[in-house]
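Heads up: the sequence lines are chains P and F, in that order.
The first sequence maps to residues 1 to 601 in this note's numbering.
The second sequence maps to residues 1 to 601 in this note's numbering.
In case anyone wonders, no lab produced these hints; they're calculated from the structure.
Even glycine gets a Cβ: it sits at the ideal position worked out from N, Cα and C.
You may find that some hints are simply not true.
Said to hold, decoys possible - Residues of chain F placed beyond 12 Å of chain P at every Cβ, according to the derived structure:
| # | residue |
| --- | --- |
| 1 | SER13 |
| 2 | LEU14 |
| 3 | GLU16 |
| 4 | PRO40 |
| 5 | PRO43 |
| 6 | SER118 |
| 7 | ASP243 |
| 8 | HIS310 |
| 9 | ALA412 |
| 10 | ARG545 |
| 11 | GLY582 |
Claimed, not checked - One-sided excerpt, in silico: chain P residues whose CB lies under 8 Å from chain F:
| # | residue |
| --- | --- |
| 12 | ASP181 |
| 13 | GLY184 |
| 14 | GLY466 |
| 15 | SER470 |
| 16 | ALA488 |
| 17 | PRO490 |
| 18 | PRO539 |
| 19 | LEU543 |
2 protein chains.
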Amino acid sequence: MSTCIATVCLSGSLTEKLTAASRAGFDGVEIFENDLLASPLTPEEIRARCADLGLSIDLYQPMRDIEAVPADEFTRNLRRARHKFELMRRLGADTVLVCSSVSPFALDDNDLAAEQLSRLADLAQEHDIRVAYEALAWGRHISTYDHAWNVVQTADHPALGTCLDSFHILSRDTDPKGIEDIPGEKVFFLQLADAPRLAMDVLQWSRHYRCFPGQGDFDIAGLLKQVLRTGHTGPLSLEVFNDVFRQAEAAPTAVDAHRSLLLLQENAGVAQLPAPAVPSGIAFAELATPDAQPITEVLSALGFARTARHRSKPVDLWQQGQARILVNTGTAARRESTALAAIGLESPAPAAAARRAEALLTPVLPRRRTPEDVPLDAVAAPDGTELFFCATGHPELPDWQNDFTFADEYVAAAARAASADEAALGRIDHLALTQPWHHFDEAILFHRGVLGLSPQESVDVADPYGLLRSRAVSTAEGAVRIVLTVGATPTDGDAPAQHIAVTTDDVVTAARRYRAAGGRLLPIPANYYDDLAARYALPAHELERYRELGILYDRGAGGAFRHCYTRTVGRLFFELFQRDPGYQGYGAQNAPVRLAAQHAA
Amino acid sequence: MSTCIATVCLSGSLTEKLTAASRAGFDGVEIFENDLLASPLTPEEIRARCADLGLSIDLYQPMRDIEAVPADEFTRNLRRARHKFELMRRLGADTVLVCSSVSPFALDDNDLAAEQLSRLADLAQEHDIRVAYEALAWGRHISTYDHAWNVVQTADHPALGTCLDSFHILSRDTDPKGIEDIPGEKVFFLQLADAPRLAMDVLQWSRHYRCFPGQGDFDIAGLLKQVLRTGHTGPLSLEVFNDVFRQAEAAPTAVDAHRSLLLLQENAGVAQLPAPAVPSGIAFAELATPDAQPITEVLSALGFARTARHRSKPVDLWQQGQARILVNTGTAARRESTALAAIGLESPAPAAAARRAEALLTPVLPRRRTPEDVPLDAVAAPDGTELFFCATGHPELPDWQNDFTFADEYVAAAARAASADEAALGRIDHLALTQPWHHFDEAILFHRGVLGLSPQESVDVADPYGLLRSRAVSTAEGAVRIVLTVGATPTDGDAPAQHIAVTTDDVVTAARRYRAAGGRLLPIPANYYDDLAARYALPAHELERYRELGILYDRGAGGAFRHCYTRTVGRLFFELFQRDPGYQGYGAQNAPVRLAAQHAA
């Protein structure tokens, strides 16, 4: 189906918005009146620009408070409409949106509404224009889609149809079943917006918190199926008012928007995408650093051993159990300080995973950097992290390890160190990545839609300098877990903190060894342990060990959880992490204390 | 009355919070458990730090989900309480807050709640501690102050009383009348928070949108009077959860907080402040600039004449009608680019106005910079703008003009230019100032409480790169009007735009003259005028003039409004402004077009 986006969804001047929509692959746009008024281009120039960009103008939005008004006001409205219809001819737009009146002077009179809409449609028809009438959820008298359709039926005019808007329908919990009774040719337009379920005034909710399909709580795919059963074939058009998107750069927002429509069509069963190949583990985490010394000190102290070196690039593999860290000191390292640059996702079908990512507008990275490299499929996540779809030790798949020369003695040493040692680090439990502030919703949708990970509940975490939002995405069994966070304000993303949590079955011993090897643990205040004693009847010696090492503890429904933190190198720190089998969380309860300790460190 | 603030109101570490509270003049603090847990100081050290800072610890907040629970859970709760009471002894805090249970396991059993609270109070009494029981608005079974008081009455324990919280009471629209039936000695604590009226889930509303008294829509003074009628004499304590305050610097937030309590006491009639001396006009606007050339070019083109020079400083007075602009090129100019540095407020009682400002914690500026200057009372507004309380031509008051040497020929020329000329600029209609993002609520309260200006409704204005908030404060007759705005994100305040709107009775002629004199007007897109033609039946020649000059037009309930803008110099631009007598607004309808035009310029 063709796709369309309202200019109000994107930031910037009208031409910035149009360019972003075109580059992201949209077929058309809805032009909001304010964007046109503020543009120095004439309607003819806007029309030409859209044509150059391959965009149709599917809708124009200038009409408010038109119908069910006293006669003299309606005369003024018709006068205004004539001007707008002439403008639309210049613009090359053939459908105009009319929202149900919110005017305090509007009358509760369906027949009058139908009659005046019919007269408006007469005028529209003279200009070859169609009028799409939509019920605003906060309309003065007409606020449901079935009521609006009822008025359109009464008017019974060929140039008058209805516009369906998912937000207005689903925010009011109207039963959308009745949509199927509307003939498809009378659905003149379809606007789509999702939203988180918020218990708040519907007007404020609509104006500030709409989001793209799949980013909120509405069943947009279900609604779309119902609309398609009417026989409607028009574009899928996004109309999203969102305070964050208004501030964000238009280009990535447009990509996010278009991706949401592709996923929506897949969910509704009207388009096929390459099937997801859900990752089955984290093959490696790759750190880029301008100076390997500090981070390899931490890795050594944690018990990692350097087991291999890349054959053509300055990249070392550090390994312990199934936890693999690549340390890249090459010029490819984009970051200024030590940071996580790439994640190797163990994939059952790397090529298929990359095809899906590409179909979902994800930038694809070169398959091989040098001719002798293993051809690995890689894409860029919204925060710039490179994601490699790869395999470890599967003969039928390209194995990333083939790029590395393993030193036998190191491998043997690493194996010895790890074998039958409960305190050894086993694997990467999760990665925590701060996302760009304006693209948090995009990041969640990306990880869900492109990678096939499931988002958990969003939680607020109190940092001493503001509330952070945090949301984990993971596979069903937790083989891949990524915690996406976003700071309190846009500028908090300037130097995002990241961390790698590595599992151990004995965090006390692991922490002691790390310290004995010269590693520094994040100190946790004594008051925290006094509180722990008040909350749980932990044996005194156990509590004493936690206090000594700065180990945090918590208990959830599924079991207990113990963890501690290394010092930060660049933007990165490590977490040692002992999880009872039933515990599914990430220790958010302890995050405020950890964050305060990091600020104080 | 003594004043207190909860540590959760302020950002930073516990010691940052305590220091800010002390410096702002608070007598005590409520310590939130998380702030203590995250602090490296022992309870004894915290106690000593508070004593050093002159702060009492009026309340400790560690208790949740205590009462009306099954016996084994209550046993665990008592165990935990014992730890906390011991901690409170170390801390030197004698009152603990217990919020009504939100646990899904809590039972709907008043007698059980009373019995368990009574047992908790037994334990508290052993530690010389009092338990203040408060109904959370979202409590599982107990959610109103009268219900909580009923349980306290049933328990009838000397160490158990109630805590009243204005948010929990007023957010639920509970009738606060019943408060007066509670004996004052059983009101163990009083927490105050205001909030804007928001139709949203009360828990989210409380956690993110509380504000200081006078910054929201609740009648906190009315509630306070009712509480005082009980005979309660305890501290007035602020407990405000606010996402913005959490991010803001602690020091100014604490000042804002304390100011709100001073104003609250004045409103409730329990404390006297120097009475407000509401300004009666704008005597002058003072611009600081590193280079006077560009701005004086604009002033000249606007028809201002240089009429006087400061006797001891590099400050010129530019004048037209009653509009007076000082151009300061001295080293005192703090700003890096041309910006509004000070406002002269015509005051009926300058000294009294300054005394009130000082009593309300406003930084007072030196009365005279050099020995020969007129002693002018001046203070600093929250955004750093200097406010001079002054008089123009009142022999009984210190006249700021006495610092200036007037050149007769200039004065005469200025008078000739202005006399009987409808297009001449008459006076400063309003000043528009972008406020620091984290201190917008503070700025509103400052202008209302300190200066005696009345805030109008807050409006959202769509900028191409985000929504701006704007709120005007003014005197009843509009002699002083200041429009306070705040950008979409915290960083937007880095280079705040400011403007000075000057009245004319003939904006078309004034704009033409400005252009003829070499001034550049902000160009407005032609599409705007096509829309104007659609909206209003303006005569074609009138519309043509507006189009030619970039004059914006709108009509409100009270009349019409015409305005246009100069180019921006540094951070500053001018608005030429023709207001029908009945029009009370600031042309917010046109702001999106103006903002887009400025971005494009």
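Exercise. Are there hints from earlier that the structure breaks, and if so, what are their numbers?
Worked result: Violated: hints 1, 2, 3, 4, 5, 7, 12, 13, 15, 18, 19.
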